[in-house]
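Novice: The chain contents come next:
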Amino acid sequence: MTVVATGLGAVSPIGAGAEAFWRAALADTVGTREMKRFDADGLMSRQAGEVADLDPDRYVRSLQPSELSHSSLFAVAAARMAVEDAGVEVADPERAGVALGIVMGNRPALDPWARAFADSAGRAAADRPAQRAHDPSEPVRATALELGLRGPSAVLPTACAAGNTAIAYAADMIESGRADVMLAGGTDELSLAMFLMFTSMRSLSPDLVRPFDAQRQGLIIGEGAGVLVLESAEHQRARGAPAYGVVAGHGNFADAHHMTAPHPEGLGAVRSMSAALEMARLGPGDVDFVSAHGTGTPANDRVEARAIREIMGDVPVTSTKSQIGHTQGAAAALEAIVCLLAMRDGRIPPTANLTELDPDCDIDVVTGSPREASVDVALSNAFGFGGNICCVVFAREGAQ
Amino acid sequence: MTVAITGVATLSSLGEDFAGALLKGRTAFSRREIASRAFPGPTSLYAAHLEELPARELLGKKGLRSLSRESTALMCAAVLACRDAGIDPASWSREEVGVFAATVLGGLDDYVTILSDALHEGTDHVNPARGPQTGLNAPASQLAIRLGAEGPNMTFSTGATSGAEAIAHAVESLDLGRGRRVLAGGVDTWSALAARALCGGVAGPDEPPRPFDRDRTGTVYGEAAVMLVLESGGAGPVVRGAGRGFDPRPGGRADAARRALTGALAEAGLDAGDVDAVVASASGDESLDADEAKALADVIGEDAPVYAPKGSVGECLGASGGLQAAAAALILGSGIVPATPNFSVLDSEGPRIGVATSPVRVDARNVLVHALDAGGQAVALVIAKERG
Chain A
1 MTVVATGLGA VSPIGAGAEA FWRAALADTV GTREMKRFDA DGLMSRQAGE
51 VADLDPDRYV RSLQPSELSH SSLFAVAAAR MAVEDAGVEV ADPERAGVAL
101 GIVMGNRPAL DPWARAFADS AGRAAADRPA QRAHDPSEPV RATALELGLR
151 GPSAVLPTAC AAGNTAIAYA ADMIESGRAD VMLAGGTDEL SLAMFLMFTS
201 MRSLSPDLVR PFDAQRQGLI IGEGAGVLVL ESAEHQRARG APAYGVVAGH
251 GNFADAHHMT APHPEGLGAV RSMSAALEMA RLGPGDVDFV SAHGTGTPAN
301 DRVEARAIRE IMGDVPVTST KSQIGHTQGA AAALEAIVCL LAMRDGRIPP
351 TANLTELDPD CDIDVVTGSP REASVDVALS NAFGFGGNIC CVVFAREGAQ
Chain B
1 MTVAITGVAT LSSLGEDFAG ALLKGRTAFS RREIASRAFP GPTSLYAAHL
51 EELPARELLG KKGLRSLSRE STALMCAAVL ACRDAGIDPA SWSREEVGVF
101 AATVLGGLDD YVTILSDALH EGTDHVNPAR GPQTGLNAPA SQLAIRLGAE
151 GPNMTFSTGA TSGAEAIAHA VESLDLGRGR RVLAGGVDTW SALAARALCG
201 GVAGPDEPPR PFDRDRTGTV YGEAAVMLVL ESGGAGPVVR GAGRGFDPRP
251 GGRADAARRA LTGALAEAGL DAGDVDAVVA SASGDESLDA DEAKALADVI
301 GEDAPVYAPK GSVGECLGAS GGLQAAAAAL ILGSGIVPAT PNFSVLDSEG
351 PRIGVATSPV RVDARNVLVH ALDAGGQAVA LVIAKERG
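Quick note, the sequences are listed as chains A and B, same order.
Each residue of the first sequence is one higher than the last, beginning at 1 in the working numbering.
Each residue of the second sequence is one higher than the last, beginning at 1 in the working numbering.
Treat the hints with caution; some may be incorrect.
[As the list claims (entries may be wrong)] Here are some chain A residues pointing at chain B (derived, C-beta under 8 Å):
#, residue
1, R107
2, D135
3, A193
4, G387
The hints are simulated quantities; they were obtained by calculation from the structure and are not laboratory data.
For glycine and all other residues, C-beta sits at the position ideal for the given N, C-alpha and C.
Bound conformation, chain A alone (with noise of 0.2 Å):
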């Protein structure tokens, strides 16, 4: 059973809604500056993608938005606005689910009282934190509230991989007949944790990210939500819907070899990236455009491009994160949404910041201004902390 996407949304560090997300994306903007949510004294770096411009009254009508945490808000909204996009109304409840990646997810909403507990070395009897910060699968829960959605339902926490793992495992839901529609996609908001983890290994840039750049320092923390409609051919096709392409395959194979730093051979990238080739029946010479995991980091953009170059040579290819950060949980689904509308518009994104491309990272990175493409076939890549590792392929309909 074919999966197509119907519906996209996003909020992001440099625009709220699909649309906006990409024209900003097309004009090569950077959204990562120095951050006001946390005082970054201490910090190797306070630049953040922080998602600043977001209206939640004009997507929460069921819930009360002071009630979600960042990351639950930002899924809803952008839940919200992939269901208008795609214009569909969901007839049977029980057959539309919500799938969401998340890094953190609304954990950071324990942040403050953790704090508290902290200071009073235990002793304070703490209000119960609030937002149930406990509980990860929360955006889930409110997503599918908010939208009415009684369909098979998870939260898939696999680090940095997240939003493809839920776009995976939401068209597994539709293929196997489980579920006629999904919403899928990634959210994560910026938390003191990870600045504090990021900073402790080093990690961060200290003013842009510069994937595949010989003077690249690191990565850059963002926020933000990405959420896809997916919906079986079939229901597509019966309410006489148009599609932004098919997800038509995805791969998911574990490095197993390093809580942090990549395999040296990005085996997991590579078994990934071929894995999902081989479901959507499609060769590396058909792809058109590889949307990078690109986080700016050494190690990361040369295992990357090693492993691109060794499946598909000169193709060419772009990194979200230039512009976002590193958004978590939400990576992958915003760049599934570069994917889908490179697709629609035959344009591909440019990578910001890159002013020397590492001679170690021999791939066709698109600098500048948008690159002209027909773009039929693009590939996702997004790799986790853990060695968690998954790939998506989307085509064009008919292009399989």
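Assemble chain B onto chain A, guided by the hints.
Specialist: Okay, now just chain B, sitting in the frame of chain A:
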């Protein structure tokens, strides 16, 4: 090709003889102080606490220091499960072995310790090895690294159903030919912060839970790690079907449960009358147990014996689904449905289901496992004795 459970291992409050403990209706609930580096103040939790992990014996001495307690526990369970299945990770085909784990609280203690270390000692004192442990995916990832499992790797965190979901999706993944073997299970352990965040920490009823009982006073949590080895075409109890239901609305849970139960039976090609025993999710919660009883009465009726193992092990969140599956395997192997501890009588006006007050002998061929979460998720599995 059918997917069989070829090995099982459980680490819980009940100690080494898990099967014997369930059959005898043993419980091991106690109130304990929970020490925490981040929070030296007093926190105690009444729960089914996990005993000391045999980590050195099972995992060797190297590389254990940076592992969280939950990652260590899951790893121990995995090593034991592989032994039970008679397989050696050193010689398996690495890309054919996946890991599907469930955890709800995984990484929480490390997450908060990072904040606490930064607060008390400065950002320079945050240990870089701690950061990656804060992820919910850390137990599954650490396991993959330690045992060399390069196949599909997933983590599920939808509360009390997450373990059953891990098993269901692992079976689906193997059915689709994605690898030959999946280590499917789950783990949850309780830190001081988790105890405070979810349980208020200090106060609470100090009595074992009474699943389905008219006088039940609430869920009591437990700690556990469980691992099943699932293999395409293997020998052992077979996962014949899975069903899912979800309704996040107030009052929607019984309906979600009904859908999961009927879905699992349909996928297994069975009628309600084919069910020889039910391993239920009931944990002693007033309304959750009632919702499950309603659904079981509607779908299964009164005849099949119902067993609620959380009366012995407590609500173990990510580990619950695997523990319930292990209990199902025990019933299939022994032909005995254990009595549910501390159960004596159903709700007076409530639905009638077959919860037993003493062990029941059955000709066990098909056991229905049902997991239900407070957030409205339900997952059911049919585990059968032979390939059907």
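Novice: Take the hints in turn and mark each one as holding or not.
Specialist: So, going through the hints one by one against the coordinates:
no.: 1; hint: R107; in the structure: holds (6 Å)
no.: 2; hint: D135; in the structure: holds (7 Å)
no.: 3; hint: A193; in the structure: holds (5 Å)
no.: 4; hint: G387; in the structure: holds (6 Å)
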